[in-house]
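Engineer: Below are the chains, spelled out letter by letter.
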Amino acid sequence: MTDDDRVFKALADPTRRFLLDRLFARDGRTLTELESELEMTRFGVMKHLRVLEEANLVVARRRGREKLHFLNPVPIRLIHDRWIDKYTERQVSALADLKTELEGTA
Amino acid sequence: MTTMTETTTQVYKVFIRATPQAIWDAITKPEWSRRYGYRPMNEYELRPGGRYVARATPELQARGMTEEVVDGEVIEADPPHRLVQTWRFLWDEEIKAEGPTTVTYEIKEGDGGVCSLTVTHELENAPRTLEMITGVIEGAGGGWPYVLSDLKTLLETGDSLPGI
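Chains as they are written, first to last, in this note's numbering: chain V, 2 to 107; chain S, 5 to 168.
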């Protein structure tokens, strides 16, 4: 299986997308926190997290005795850069534009 | 009831078919840093306490960007595996005042000539910096996901995305 296959497989499941949404809302959560938001056994949530980790969509970090889960959007960006951009005019974006915009609205 | 944990640390990870040294050089050497992402000129004094500065391309400067875009201090430099530094945006007083955040680069060798590069960005009390680096702001270039995707493309193909 290629890296892209693992990403698409991981995303092709509503529970796993829900977990990613929860991490997007607030990053760095423990298994216990994530489990509390799902009607699912701890073992079930662990299995889904493992698929997400294998796809590199979730990165787990130890902090003390806790294992924290972080959303990693880079694999989605890679697919975007390789495929989506081929079919859309690349949005040329710049920090300078942002600066102008923020200063204009400040 | 859930316990609150981290909300301000961001973790980004990418697998790159390249040597640890090539990845290290791409981060720390200006001739490489100017070839991907926002194309800054990265200047590092690679020792604890050493200065870091990223300078904007002439194109960005012509559009109103400050010459020095990011500065910081090297906390730990263990080439080619680990670099810890502070990180502060400089282009206006408000974002500058959010003060230094912390960036850790970790390069690990894996199987088959593929390394992982993990970037951990700790951003306590730096909401505007956080928005920028996550890439959620439309038109701000895509933050770390954009930079790391482009870095992978550059090191694996010798090519990169059109510059901004």
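If you are wondering where the hints come from, they were derived from the structure by calculation, not from laboratory data.
A few of these clues could be false.
Said to hold, decoys possible - Under the rule of at most 30 Å between Cα atoms (straight-line distance), these lysine-lysine pairs were calculated in the DSS-like manner:
#, chain 1, residue 1, chain 2, residue 2
1, S, Lys-112, V, Lys-10
2, V, Lys-48, S, Lys-100
3, V, Lys-68, V, Lys-48
Engineer: Indicate, hint by hint, whether the structure satisfies it.
Structural biologist: Do the hints match the structure? See the list:
1. Lys-112(S) x Lys-10(V): Holds. Lys-112(S) to Lys-10(V) sits at ~25 Å (cutoff 30 Å).
2. Lys-48(V) x Lys-100(S): At roughly 42 Å apart (the allowed maximum being 30 Å), Lys-100(S) and Lys-48(V) break the hint.
3. Lys-68(V) x Lys-48(V): 15 Å, holds
Hint check: a violation occurs at hint 2 only; the rest are consistent with the structure.
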